[in-house]
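Model the full structure from these sequences, guided by the hints.
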Amino acid sequence: MRREAPQKLSDYGPLFFPAMMLIVFFVVPFATMIAVSFFQRQQGGFYVPAFQFANYERFLSLFFANVLGFSLMLAVTVAICCVLLAVPFTYLLTRMTRKVQIVWLVALLSVLSLSEVIIGFAWSTLFSRTAGITNLLVMAGIMSEAKALLPSFGAVLTGMVYQAFPYTVLVLYPALVRLDPTLTEAARTLGASPIKAFFTVVVPALRNTITATLIMVFIFALGSYLLPQLLGRPQHWTLSVLITDQAIYQSNMPFAAAMAVFLVLVTLGLVALTVLAGRKGEAA
Amino acid sequence: MSGLALNNVTKEFGTFTAVNNVELTVPHGTFVCMLGPSGCGKTTLLRMIAGLDLPTGGAIRLDGEDITHVPTHKRNLGMVFQSLALFPHLTVGENIAYPLRIRGVPKEDQKKRVDELLSMIHLSGYADRPVAKLSGGQRQRVAIARALSISPKLFLLDEPLSALDAKLREAMQVELRQLQQKLGITTIVVTHDQREAMTMADTVVVMKGGEIRQAASPIEIYRRPADTFVADFIGSTNLLEAEADSTGGVTVLGQPVSGVSLGGGVRKATLSIRPEDVHLTAPGNGALSGTVTFVRDLGGTIETFVDIAGRQLVAVSTPRARPDVTVGQPVGVVLLPDVCVVLAK
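Going line by line, the protein sequences match chains U and B.
Read in order, the letters of the first sequence correspond to residues 1 to 284 in the numbering used here.
Read in order, the letters of the second sequence correspond to residues 1 to 345 in the numbering used here.
Don't read these hints as lab results, they were simulated from the structure.
Any given hint could turn out to be false.
To be verified - DSS-like cross-link-like pairs, simulated, lysine-lysine; straight-line CA separation at most 30 angstroms: (1) U:Lys196 to B:Lys74; (2) U:Lys196 to B:Lys133; (3) B:Lys153 to U:Lys196.
Take a look at the structure:
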C-alpha cells in the first residue's frame, strides 16, 4: 500500500465523489437551514431573508429548556437501556451456532423493516386497556383488572428501545464476533467465573465499541418524533416533536430551523465530551 | 496420590469420538508432552483437564480429588493458549496480576508478585507497557507469567510456541523446561512438534485417533516405539517387512538375514531401524544387498538412499564415517539386532 502524502491534484481524485455527495446532500441543506434560522418570519406563512437572532432568543425560555432537557434525558435513557440489553444479548448470540445466529439476525432485520408508525400503533394496542397485555396478566391471575399502560413515559421508552434495539445489535455484532473467544476461556482458567469474565474481560475489551454504540443510539433516539406523540403525554414530547410542529403545522420555518441548529450543536457538544472522556480514560 | 490421573476419559461429539478411553497418570512435578497429528484429540484432552470441555465418560483426578465436574475457575490452574489470549485492554503488569485481582489479593502483594514474575521472565520494568507493544517472544513470556502468577497446581500449555519463528522457538523450549524444573510444577504441553516434545518432556504421550499409542520417556519412545505409527511419527525411520519361517529363520524383504528374531510364534512383523543405525558395508556376508540410488551430502550429515527390492532405505552417517559409495554401486546393509525394533503387524 502506498503511504506517502498526495503530491499532485489528481492524487485527490478518489476523494472527489464522496466530497460531492457530502456537499450536495449534507453541506448545502445544513447551510440552508442555518441561514433560514436567522431569517424573519412573515405572518402569511413564509419568511424573508434577514439576519436576526429573534428565533434563538425565543428559544431561550424555560419551556424550551425543559423540552431540550427531557429530549436529551430520553435519548440517553434509550441508549443506556439498549446497550444494557444488547451487549449480553449479542454476546450470547455470537456464542451460538451459525444457524441460530442467522435466524435471530433475520428476525432483527425484519423489525428494522417496520416503520415508526407501525411500531407506534402496535405498541399503543399492546398497552391499551381493551386489547393490551394487561388482559393476559388478568387471565393469568396476576392482575385483578385490565388497565391502560399509556400514555406514559414507560410506554414511550419501551417503544423507542424496541425500535433502536435491532440497530444496537447490528452495530455490536461485528465487534463481538471478532472478539477472540479464548479471551473468556483464558479468564476462566485464571480463576474468573463466567459472569466475572464477562465483566472483567469482554466489557472492557469492547469499551470503544460500547461507547460508539451508545453515541449512535443516542443520536438515533434524539430524532424520534412519532413515538413520543403516539405513546406519551405532551410532557413526554421531545424537541423533535416541537420542531415538526413549528415547521409543518405552525409554518414557522425560521424558528424550527433555529431549534434544529441548536439541537445539532448540543448533540455535537455531548458527543465530543464523550469522546474526550473516553480518550482520557484510555490514557489513564 | 499426588498428581493428575485420567481414568477412562472419553469425549464424544455426536457420533465422533475425539478422545477414547484415555488412561494416564502424571506424577506431581513431571513435564508431559502430548504429541500427535492434528485431530488426534490432544487439544480436546487438554481442554478437558482444564475444564473447558466436559468429558462424556471417565474421571479426572487431581491430587486424589475428583475434579471431573469442578468448573474451570475453581480448579486453580494456569493455562497458556495457542493465541496467548493476553487481555488487550490491560498492561503487561495488569495481565499478570489478573488472576490475583480476581482472587482479591491485596494491591501491594499483587505488585510484589508481578515484579517477581517479571524478573523471572527477564522483563523487569515492562509492567506498565501495553501488551500490543511487545514482540512475539515477549508476549509469550507474559502469557506464561500470567498463568504462573498464582503458583497453580497444574500448568497447561496448548501449542504455546507455534507462533514463534524457529530460532526463538528452540530457545523458548529450553527456557520453558528450565523454568518448569526450577518451579517443580506439574506441566502438560500439547504440541505437534516432536523436537519440542523431545527437548522438554519427562514423558511423551503419543496420540492418534483419540487414543494413546504410547506414553514413555522421550528416549524410550525413540529407541523402543510401541508400533509403526509411533516409530514413524517420532523422528524418521526405515520400516521393513520381515517374515519368519517355522524354524525361526528370518527374511527381510525376501532376503534371509542372520541374528534377527521376531520372537516366538510371530510369523510376520515390521522392523523399524533408525537411519543413523543403518550400517553400509560391502555386499555379501549375510547383509541385505541393495543399490545406492542417491547421496544427499548436507555437510553435517550424509544421507545415503539404498534401494532394496524396490523399497527405499535411508542411512545417515557423519562426515567422519562417510560411506565409500557412489550412485549405482551395489552395497550391503547390516541389520544389527540390538538397534532393530520388532513391531507387530
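Quick rundown of the hints versus the structure:
1. Distance hint between Lys196 (chain U) and Lys74 (chain B) is fulfilled; the C-alpha atoms sit about 13 angstroms from each other, no more than 30 angstroms.
2. A C-alpha spacing of about 27 angstroms is found between Lys196 (chain U) and Lys133 (chain B), which places the hinted pair at or below 30 angstroms, so the restraint holds.
3. With a CA separation close to 22 angstroms, the supplied pair Lys153 (chain B) and Lys196 (chain U) stays within the 30 angstroms bound.
The structure fails none of the hints (numbered hints given earlier).
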